[in-house]
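The chain contents come next:
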Amino acid sequence: MWFFNSPQIVFGEGALSYLAQIHGTRAYIITDAQMVAFGFVELVQQQLAEANIATRVFAAVEPEPCLETVQRGAQLLREFAPDWIVGLGGGSAMDAAKAMWALYERPDLPPDGISPLEYLGLGSKARLITIATTSGTGAEVTWGIVLSDTHEKRKLGLGSRESLATIAIVDPQFVMKMPPRLTADTGLDALTHAIEGYSATWHSDFSDAMCLQATRLIFEYLPQAYYDGNAAAAREKMHNAAAMAGLGFINSMCALAHALGHAFGGAFHVPHGRCVSLFLPYTMEFAANAGHYRYADLARFIGMDACDVEDATHKFIAAVRALETQLDSNTNAASLGIARADYDAALELMMDHAENDTQIVASPRQPERAELRKLFEYAYVGKPVDF
Amino acid sequence: MEKLKFGSAEWLQALHDQLNASEAYADAAKSWEGDFYFVVEPDGALTQPLYLYMDLWHGKSRAASIVADPNSMTPAFVMSGKYAKWKQVVTAKLDPIQALMTGQLKLKGNMVMIMKNVKAAQEIIKACTRIETEFEL
Chain A
1 MWFFNSPQIV FGEGALSYLA QIHGTRAYII TDAQMVAFGF VELVQQQLAE ANIATRVFAA
61 VEPEPCLETV QRGAQLLREF APDWIVGLGG GSAMDAAKAM WALYERPDLP PDGISPLEYL
121 GLGSKARLIT IATTSGTGAE VTWGIVLSDT HEKRKLGLGS RESLATIAIV DPQFVMKMPP
181 RLTADTGLDA LTHAIEGYSA TWHSDFSDAM CLQATRLIFE YLPQAYYDGN AAAAREKMHN
241 AAAMAGLGFI NSMCALAHAL GHAFGGAFHV PHGRCVSLFL PYTMEFAANA GHYRYADLAR
301 FIGMDACDVE DATHKFIAAV RALETQLDSN TNAASLGIAR ADYDAALELM MDHAENDTQI
361 VASPRQPERA ELRKLFEYAY VGKPVDF
Chain B
1001 MEKLKFGSAE WLQALHDQLN ASEAYADAAK SWEGDFYFVV EPDGALTQPL YLYMDLWHGK
1061 SRAASIVADP NSMTPAFVMS GKYAKWKQVV TAKLDPIQAL MTGQLKLKGN MVMIMKNVKA
1121 AQEIIKACTR IETEFEL
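So the protein lines, in turn, are chains A and B.
For the first sequence, position 202 matches number 202 in the working numbering, and the numbering has no gaps at all.
In the working numbering, each number is its position in the second sequence, counted from 1, plus 1000.
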């Protein structure tokens, strides 16, 4: 028994106008200050006004939403009593909206206890709409919630299948003006989702379909979106690809690159997409060294030639590295300007957090602690994994 | 190696020993605090529930026993499921986390502790799979 969960996805040019058709009375928009400045909040409010829905805005979500922010936002929801909650932004705002929704419906719940292992009973007070303004996390279609525990310096992989949005808006108008760096970081996050979702031990035919197509679209369109900000078609394809990658991984889980990336990001506050994609080739090599060659399917699907699955796997890993280089992304931690002494000082804590990250459970190869240390060390200097 | 009957005192002692000998479990569960009932619900040849108690604390199993009266203890966590599902998990045919996520096994307790220690749960099941186990038909 397993699942494939998906919200209703409204995609393509003009998708936002669908909000004018929904039914309700009060909507709380959870977002960040940038979305207000870009005029995106106003666009959403206009559509909701067409549906006679009153709105209020919480625009204080930080880049790494913390437990306290979510608690504060939930209190505001309780005061306003919305029947719709709208997460507008990148993954941070959408994940914060999911968590606030859970706490709005369940005031007894600590935010770091939002778990897929128990029934929460969400949906009696409000439903969720997600609107993606980057092409990366796929948070608009996932039930995952990543929050920061600032006391433990740890990113927490939380979530409940009940925290899935009812409606996910994937409208390319929101991503047409993304700057190159954000385009690359978020696009590589999507690629990491697709690859890890495909290789995770919980994969299925349904999740495989999403991950395969997402991988193909990303390899084809991400460089174009990065180099040419006016490439509307490439932007739209990447927006769809990120959502598809999100559907893929949330229904099969991510893997070791996310576990290491969460731990690294929690310690050094590097953007999420940069974190997970940095560790991706190393963790793929680690899995391949133990005979996990599912990556060969991805290689074949994007049109690579190879003599066998092992050859295809290593060519695909090389292609991932080449893409990262093409996008001027970091392929090792040292290139981020992190001093070796600082990295070493954080290593034990990063290992602790990676070891117990929720995304490690479906990794095709589980590292022992000594191997985990070596993975972090190899990723710092950029050494191919030979164990 | 002699096969031990699943859910017996000998089997539970073997699990206790496996956990205490496991460096991987000690690492993964070093911050874990909470005792458990593992409840095997009647199914097939099993006509009465089994209550397996383990006191798990900072990477070690401090105690393990078969409990006749479930009201005699109030553990922090209760993990329960039918015999057939436990068999699938213990023989690595069903992922324990997926089993929990699909309601095939159930878990009650402090979800904050659980969400921050997921690897520990995996290591417990790995320890189970290392025991040569005999199951009822």
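Hints are computed from structural coordinates only; laboratory data are not their basis.
Warning: the hint list may mix true and false statements.
[Claimed, not checked] Restraint ranges, calculated between C-beta atoms of paired labels, are given here: (1) A:E377 <-> B:T1091: 52 to 60 angstroms; (2) B:Q1048 <-> A:T150: 54 to 62 angstroms; (3) B:K1108 <-> A:E377: 53 to 61 angstroms; (4) B:D1069 <-> A:R340: 56 to 64 angstroms.
[What the hints assert, rightly or not] Here chain A is said to cover these stretches of chain B; the calculated rule only asks that three of the stretch's residues, wherever they fall, bring their Cβ under 8 angstroms from a Cβ of chain A: (5) 1019–1028; (6) 1102–1115.
Cβ coordinates follow ideal geometry from the N, Cα and C atoms, glycine included.
Results of checking the hints against the structure:
1. A:E377 <-> B:T1091: 52 to 60 angstroms: 36 angstroms, violated
2. B:Q1048 <-> A:T150: 54 to 62 angstroms: At roughly 48 angstroms between Cβ atoms, T150 of chain A and Q1048 of chain B fall outside 54 to 62 angstroms, so the hint is violated.
3. B:K1108 <-> A:E377: 53 to 61 angstroms: Violated, since K1108 of chain B and E377 of chain A (Cβ atoms, about 40 angstroms apart) do not stay within the stated range.
4. B:D1069 <-> A:R340: 56 to 64 angstroms: 58 angstroms, holds
5. 1019–1028: This one holds; 4 residues, not fewer than the three required, reach chain A with a Cβ under 8 angstroms.
6. 1102–1115: holds (count 9)
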